[in-house]
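Undergrad: Sequence:
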Amino acid sequence: MLRLIRYTLRFPLLSALSLLMAIACTSLVLVLPGITMRFIDEIIGKNRPDLILSTAALGAGAIFARQLLFTLRTYLNHALELKLTHRIRVELYDKLQRLPIKWFDKNSSGEIMSRVADDVPTMDRVIIEGLDQALAAVLQFFIILAYLLYHSWELTLVTLAPLPFIGLLTAWWAKKAEPKWTASSEASSALNAILHDNLAGIRQIKAYTVEPQALSDFDAASQKLGDKHMDVMKGQAIVWPAVSFIAESGIILMVAFGAYWTLNGQLSPGTVIAFLVAWGFLFDPISRINPLSQTFTKGLVSAKRIFAILDTPDEIHLTEGSRPDTFNGHIEFREVSFSYDGESTALKNINLTARPGQTLALVGATGSGKSTLLNLLSRFYEPESGAILLDGRPISGLSKEWLRDHTGFVTQEPFLFNTSIRENLTLAKPGADDAELWKALESANAASFITALPDQLDTMVGERGIRFSGGEKQRLSIARALLKNPPLLLLDEATSALDNTTETLVQQALDRLRGNRTSFVIAHRLSTIRNADLICVLQEGQIVEQGTHDDLMEKKAHYYRLQQSRDGESSGD
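All residue numbers in the sequence shown are consecutive under the working numbering, ending with 573.
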């Protein structure tokens, strides 16, 4: 809670003005019981009709001023809430960009989206409601309490008699409600995750005609969310009517004692009536406990979920670390081992060397560790043991930002953002002019189909590049890497989505560009890596064979058998 409150200090002027409006607005609640007492004891009791107009005008003016201040307070609170939501949401997004890839492996996109889109405003309501409702309610309670004590401490004690019971009941419910709201928030995140996955995979759902199963899964998640929410509502339906019963029963107690003491001459009738009017203001904060309790409990649950992300350690050496002046491209793996889950081994005792300008090809069955090796070289993950060296320096001491700025990575599954072709390409080189863009497109054999589009470079690609075929998306992805012109190229099945003709053209472009830079290539089609300087065959996370194409074919071992099996697949196709 204290951590949440500190966020308001980032906007001191708005927070101070909102607090000032709350104090001024709340202080005016004294006017109505005071005027009521004056009407009963002064105007009626002493027959002073001359005071009616001025007293009524005073009351109307105070009510008008209170509503005007309330309007200003509402505006300031909304302005503060919007600024806080924006600031925290941007801070959370910035944090997400600084988290390691391994964190995203364990958290679904739907869950993350739920925290950014839903939990941030829910958390901010705690701050706003704290200023606008809770603080004003506490202030109002003590102002009215002081007023009542001034006029009759005995009747005040009678008036406050229900409060201990209300306090115990609400405290008990707050403790019971938090885990229920936590379960409800988790169920909401699970529903969002299913919705995100199903919308992203809608073509697969339709292709396999599993709409009924997808609907059933969504229905079950939605039902679970409803059940968890009802767990909270059941408690609310019992607790808050009980609170109202206890509070309103206090009116009878107060009026009974007030009537008795008035008959005995201890109190004036106006005082009892003023107490009756003030009771509404005294217990009005209690009537706000129900919505405030829900807001605070939900908000604190959301805050814990958000702070859980903000408190996650950043990816190490993202911006820290050395930034060498040169990048020659001499890569060396020394006894490198790695596991994704700490149990099964993805890579074991990898030793290999790629000299500057060489092309090193990685081949092997699915799951043999080829992509993992590239992920380690990009420092998306860190080796469990061993070391990777770049130009003789351990990459563990290099800035990841610097390393990735000098690396071009084309993944097996091409990804395009839902922006224009130009914006997708300039991710690799902000500020690149049209001539550079077209040159990269021509090198990737993508210029021909872009030229045919009405808007050409300004064409919107659609969500995940839906407007283009798999081969076209891959060529755009390759063009983006070529535009970057990095000294280190990592190609993970970069030509897998291309037909034979297009693959040949793109391969020629890649061959030319690889002439002066170190390249690591993973290829399903072995024909595309025949001319590699070194071919490494991986099997179950280990290098079982390495050499040139001719050398490995002469050995007639792992690579030879792999070549024969792939040739058989090609002839079968």
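These are calculated hints, taken from the structure and not from any lab test.
A couple of the hints might just be wrong.
[As the list claims (entries may be wrong)] Okay, the calculated beta carbon distance ranges per label pair:
(1) Leu199 <-> Ser337: 34 to 44 Å
(2) Ser385 <-> Glu423: 52 to 62 Å
(3) Thr366 <-> Ser216: 28 to 38 Å
(4) Ala387 <-> Ser216: 42 to 52 Å
(5) Val210 <-> Asn328: 34 to 44 Å
(6) Val210 <-> Thr366: 22 to 32 Å
(7) Pro356 <-> Phe104: 24 to 34 Å
(8) Gly357 <-> Ser385: 38 to 48 Å
(9) Leu199 <-> Gly226: 36 to 46 Å
(10) Leu453 <-> Pro179: 14 to 24 Å
[Claimed, not checked] Derived lysine to any residue pairs resembling SDA-like cross-links, with alpha carbons at most 25 Å apart:
(11) Lys102 <-> Ala428
(12) Lys46 <-> Val277
(13) Lys95 <-> Lys228
(14) Lys228 <-> Val277
(15) Lys102 <-> Pro313
Every residue gets a Cβ at the ideal spot worked out from N, C-alpha and C, and that includes glycine.
Undergrad: Would you mind marking each hint as holding or not holding in the structure?
TA: Tested hints:
In this structure the hint that Leu199 and Ser337 lie 34 to 44 Å apart at CB holds, the actual value being about 39 Å. Restraint check, Ser385 to Glu423: a C-beta distance of roughly 41 Å breaks the suggested window 52 to 62 Å. A C-beta distance of roughly 31 Å is found between Thr366 and Ser216, which places it inside the suggested range of 28 to 38 Å. Distance hint check: the CB atoms of Ala387 and Ser216 are about 50 Å apart, consistent with the given range 42 to 52 Å.
Checked against the hint of 34 to 44 Å, the pair Val210 and Asn328 fails, with Cβ atoms roughly 52 Å apart. Between Val210 and Thr366 the C-beta distance comes to about 24 Å, which sits within the given range of 22 to 32 Å. At roughly 33 Å, the beta carbons of Pro356 and Phe104 sit within the given window of 24 to 34 Å. Under the hint 38 to 48 Å, the C-beta atoms of Gly357 and Ser385, about 29 Å apart, miss the expected range.
Checked against the hint of 36 to 46 Å, the pair Leu199 and Gly226 fails, with Cβ atoms roughly 21 Å apart. In this structure the supplied range 14 to 24 Å is violated for Leu453 paired with Pro179, their Cβ-Cβ distance being about 55 Å. For the proposed pair Lys102 and Ala428, the alpha carbon gap of about 24 Å is at most 25 Å, so the pair holds. Taking the CA atoms of Lys46 and Val277, the gap is near 21 Å; set against the 25 Å cutoff, the hint holds.
Between the alpha carbons of Lys95 and Lys228 the distance comes to roughly 30 Å, so the proposed pair goes past 25 Å and is violated. A hinted pair counts as satisfied when its Cα atoms are at most 25 Å apart, and Lys228 with Val277 does not qualify at roughly 40 Å. Between Lys102 and Pro313 the alpha-carbon distance is near 12 Å, which keeps this suggested pair within the 25 Å criterion.
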